[in-house]
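Take these sequences, add in the hints, and give me the full structure.
Numbering (the numbering used here), first residue to last: 847 to 1476.
These aren't lab readings, by the way, just hints derived from the structure by calculation. Hints should not be assumed to be uniformly reliable.
[Unchecked claim] Have a look at the derived ranges for each label pair, beta carbon to beta carbon:
id, residue 1, residue 2, range
1, Phe-1062, Trp-916, 42 to 50 Å
2, Phe-1062, Trp-1232, 21 to 29 Å
3, Ala-1358, Pro-1285, 47 to 55 Å
4, Gly-865, Arg-1353, 50 to 58 Å
5, Gly-871, Thr-1215, 50 to 58 Å
6, Trp-1352, Tyr-864, 22 to 30 Å
7, Ser-915, Asp-1015, 46 to 54 Å
8, Lys-1216, Leu-1063, 20 to 28 Å
9, Asn-1357, Leu-1214, 18 to 26 Å
10, His-1255, Glu-889, 37 to 45 Å
11, Leu-1087, Ile-1059, 24 to 32 Å
[As the list claims (entries may be wrong)] 16 Å max Cα-Cα, derived EDC-like pairs, lysine to aspartate or glutamate:
id, residue 1, residue 2
12, Lys-1284, Glu-888
13, Lys-1284, Glu-1016
14, Lys-917, Glu-1172
All C-beta atoms in this analysis are idealised placements derived from N, C-alpha and C, irrespective of residue type, glycine included.
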Amino acid sequence: MELGLGMGMGLGDPPADYGSIAAVGLFVALICVCIVVGHLLEESRWMNESITALIIGLGTGGVILMVSSWKHSRILVFSEDLFFIYLLPPIIFNAGFQVKKKQFFRNFMTITLFGAIGTLISFSVISLGSLGLISRLNIGSLDLGDYLALGAIFSATDSVCTLQVLNQDETPFLYSLVFGEGVVNDATSVVLFNAMQNFDLANFSSVKFLQFIGNFLYLFATSTFLGVAAGLLSAYIIKKLYFGRHSTDREVSIMMLMAYLSYMLAELLDLSGILTVFFCGIVMSHYTWHNRVPGSQPSKHAFATLSFIAETFLFLYVGMDALDMEKWKIVGETYSPMKSIALSATILFLVLVARAAFVFPLSFLANLTKKTEEGKISIKQQVIIWWAGLMRGAVSIALAYNKFTRSGHTQLPSNAIMITSTITVVLFSTMVFGLLTKPLIRLLVPARHLNRESSALSDPPSPKSFLDPLILNGSDADLEIGVGIRRPTSLRLLLASPTRSVHHYWRKFDNAFMRPVFGGRGFVPFVPGSPTERSGGDLTGGGLAVVRPLLSTAAWMRGIGDSGGGARGCMAASSSSSLPGGFPQLLRRRGGAARRRPFPAARMVAQRLPFCRGGGKASSPVAHVADFLG
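Here's what the structure looks like:
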C-alpha cells in the first residue's frame, strides 16, 4: 500500500509535467486541425498551408491570451535551440532528398549567384540602410554590430509560400531557382549572423576583411564536403551490410540518424549545418536510397511527413508567440505606436529594395552566360523570384531572439522593439505577400505556358516513361502494340544536344568509380537466402524475376547502338538471337499471369520504341536507356 501510494504521489509530484503534456497535446491537436483545414482550402485562390497554420496559431494565441487574463499568449517560450536543433534539420534534409538533382545542378551557378552573392548584397543594403535610417528614429542605444546583425536577420528569406504554389513538374526551371536560392540563402544568412557575432569591429582592416571572405568560402566548402561524406558513408554501410535481410526499418533508421548526425557534427565544428544536411540528403537520394530493399520504398514518405509536421509546428509556434504580451508591454510603455510602425515600415522598405538590388542585376548577368532563349530568366520569372524572397519566416525570428533576448526574455526597450518589429515584418510579409502569391503566379505564369516551360527546360523524360507498360502487373497493363507507348516530347532535343556535356563526364565517372563502391540506381541487393531471392516476380516485393530480365535488357539496348542505330539496329537487336530470354515475357501480362509472345511481336515493339524510328544516331538515347536499366 505504501509503495502504491508513493508511486501515485511520485507520478503527480512535478506540476510542470502536466503543463508540458498539455502544451504538446495542444500542438498535436492544432497540427491535425491545420491538416484538415489546409485540405479543405487546397483549391483556394488565396490561402496556402503556411498561412493557414499561421492564422490558426494567431487565433489560438488570442484565446490563450484571454483565458490568462491578458498575461501571456504562449504555452512554450520561443527557443532558437528548439528551432535549429529539432525543427530545421528534417525540413532541410527532405528538401535535399526530394530535389530534382539534374535540374538543381544544371542551374547550380545561377542558384549560387542568387543564394550567396545575392544574400551578401542584400545584407549590405539592409545594414547600410539601417545605419542611415533606423538610427534617425532614436529607438535606443544600437551599435554597429546591431545594425550588421539586422542585415543578416532580414537577409534570410522564407520562400515556403511560393514553393507551395509552384510545381516542380510544371515549372521546373523556376522552381529550382526559387528552391535552391532559398536553401543557400538560409545557410548564408546564418553564417553571416554568426560571423558578425564573432567579428571584431573595433580592429577592422582590409586584411581582416579578406580573411573573413576566406573563412566564409572555407566554411561553405567544408560544410558541403561533410554532408557528401556522411551520405556516401551511409550508402556504403547499407550496401555492404544489407540491413534489409532482417528489417527494412533499420535501413531507413540509419539514413535518418546519419543525416541528423551530420547536422549536429557540423554545428559542433562551427560549420553550416544547413548546407551539410542538404547535400547529405542529395547524396542519400542518389546512392543510399537505391541500396535498400524495394520493400522499404513506402518509408520514403516518412522524410516528407517529418518535414511537413516540422513546418506546420513552426508556423503555429510563430503565430502563438507573436501575441505574447511581455515585449509588447515594454514597447507600449516606452515608444509611441507611430515609432513602432515607422520602424517596421522602414525594415520592410529595406527588404523590398535589397531584394530588387540583386535579383534583377544578377539575372541580367546570368542571362549573359546562356546561349539559348529557353535557358534565360525572363522578366516575369525575375518578378516571381523577387516576390518569392520578400517573405520572412522563422529563421529571421530565431536570429532576432538570439541577438536581442536572453532565453526568450528581455527587459531592454531597444531590444524589445527590435523583436516586435521582426514579428510584425514576418507576419505582414507572410500574410499579405503570401496571400497575393498564388494570384500573382497565375497572372505571370498562365497555365498555357506551364507545358511550354516544362518541355523546354525540364529534364528529358526518363526512359522509364515508355518502358513502364512493359513491366506492369495486372490487366491494366495489357499492352497492345503501339498503344500506351508515347514518343518522348524531348527526343529531338535529346538527339540535337551535344553528348559530351559535364553531365556526360560525371555519369562516366559515377558509373566507373562511384557506383561500384557506393551503389545507387541499378544496384540490386542479392544475399543468399534473403527475401530478395525468395520472393517471386513481384517487382514491388523485391523479387529478381523482373529485375534480371531488365538487367539483361540493358545489354540488349546497348546492342541496339552497336548494331548501327536507327531502324536497322533495332531490327537486328530484336531478332530471336539477340533478345534477352526474359524480355518477351514482360511484353504482355493479363490477369497477373505472363503470356509469352512470339519474337516477331517483340520485333514490332522494338520498331515502335521512339529511338528505333527515323534511323541514324540512335546510340545516344539507347545508351540512356541502357544506363537506366543497368
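Hints versus structure:
1. Hint check: Phe-1062 to Trp-916, Cβ distance near 46 Å, so the stated range 42 to 50 Å holds.
2. For the pair Phe-1062 and Trp-1232, the beta carbons lie near 25 Å from each other, so the given range of 21 to 29 Å is met.
3. Taking the beta carbon of each, Ala-1358 and Pro-1285 are about 50 Å apart, inside 47 to 55 Å as hinted.
4. Our hint of 50 to 58 Å for Gly-865 and Arg-1353 holds, since their Cβ atoms are close to 56 Å apart.
5. Between Gly-871 and Thr-1215 the beta carbons are some 54 Å apart, a value that agrees with the proposed interval 50 to 58 Å.
6. At roughly 56 Å, the beta-carbon separation of Trp-1352 and Tyr-864 lies outside the given 22 to 30 Å, and the hint is violated.
7. Look at Ser-915 against Asp-1015: about 51 Å separates their beta carbons, and that is inside 46 to 54 Å.
8. For the pair Lys-1216 and Leu-1063, the beta carbons lie near 25 Å from each other, so the given range of 20 to 28 Å is met.
9. Between Asn-1357 and Leu-1214 the C-beta distance comes to about 34 Å, which lies outside the given range of 18 to 26 Å.
10. The supplied range of 37 to 45 Å is met by His-1255 and Glu-889, whose beta-carbon atoms lie about 42 Å from each other.
11. With their beta carbons about 43 Å apart, Leu-1087 and Ile-1059 fall outside the hinted range of 24 to 32 Å.
12. At roughly 12 Å between alpha-carbon atoms, Lys-1284 and Glu-888 fall within 16 Å of each other, so this suggested pair holds.
13. Among the hinted pairs, Lys-1284 with Glu-1016 is consistent with the structure: their alpha-carbon atoms are about 15 Å apart, no more than 16 Å.
14. Distance check on the hinted pair: Lys-917 and Glu-1172 sit about 8 Å apart at the alpha-carbon level, within 16 Å; holds.
Checked against the numbered hints given earlier, the structure breaks hints 6, 9 and 11 and satisfies all the rest.
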